[in-house]
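Taken in order, the sequence shown gives residues 761 to 835; the numbers are from this note's numbering.
Mixed in with the good hints, there may be bad ones.
[Stated by the list, open to error] Straight line, CA to CA, 30 Å or less: simulated DSSO-like cross-link-like pairs of lysine-lysine:
no., residue 1, residue 2
1, 815, 800
2, 797, 762
3, 784, 815
4, 815, 830
5, 762, 830
6, 764, 830
7, 784, 800
8, 797, 784
9, 800, 764
10, 784, 830
11, 784, 764
12, 797, 764
13, 815, 797
[Claimed, not checked] Have a look at the derived ranges for each label pair, beta carbon to beta carbon:
no., residue 1, residue 2, range
14, 787, 822, 24 to 32 Å
15, 774, 806, 20 to 28 Å
16, 765, 794, 32 to 40 Å
For the record, the hints were derived by calculation from the structure and aren't laboratory data. Heads up, the beta-carbon is just placed ideally off N, CA and C, and yes, glycines get one too.
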Amino acid sequence: TKIKNCQIYFAHPYSPGERGTNEKLQGLLRQFFPEGKSMKEATYVQQATNAINHKHRRILQYHTAEELFKQYISS
């Protein structure tokens with residue numbers, strides 16, 4: 761609510777083609793939290809979050825999510 765002029769997109773139900781980035785992120789999470797394993801059991805949730813936020817991604821023109829977030833906030 762504090763970020764102004766930020767666009768939010770919603771995917772239509774049963775349209776996986778509209779959720780490509782979401783599906784990719786779920787795959788990254790599965791590296792840390794395999795299917796069926798509770799996230800409550802994992803003591804390294806913050807480590808997983810940091811690893812994902814510091815990963816260079818093609819969708820972001822090989823920047824990290826953290827880099828772009830800080831750049832957006834500072835502008």
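Each hint tested on the structure:
1. 815 <-> 800: holds (24 Å)
2. 797 <-> 762: Not satisfied, since the Cα-Cα distance of roughly 34 Å exceeds 30 Å.
3. 784 <-> 815: holds (12 Å)
4. 815 <-> 830: holds (15 Å)
5. 762 <-> 830: Judged against 30 Å, a Cα distance of about 14 Å means the pair holds.
6. 764 <-> 830: holds (15 Å)
7. 784 <-> 800: holds (22 Å)
8. 797 <-> 784: Answer holds: residue 797 to residue 784 is near 19 Å, not above 30 Å.
9. 800 <-> 764: It is violated: about 34 Å lies between the C-alpha atoms, which goes past 30 Å.
10. 784 <-> 830: Given pair residue 784, residue 830 holds - Cα atoms ~22 Å apart, limit 30 Å.
11. 784 <-> 764: holds (27 Å)
12. 797 <-> 764: violated (37 Å)
13. 815 <-> 797: Roughly 23 Å separates the two Cα atoms, so the pair holds.
14. 787 <-> 822: 24 to 32 Å: The hinted range 24 to 32 Å is violated for residue 787 and residue 822, with Cβ atoms some 18 Å apart.
15. 774 <-> 806: 20 to 28 Å: Between residue 774 and residue 806, where Cβ atoms are some 34 Å apart, the hint is violated.
16. 765 <-> 794: 32 to 40 Å: Holds, since residue 765 and residue 794 (Cβ atoms, about 39 Å apart) stay within the stated range.
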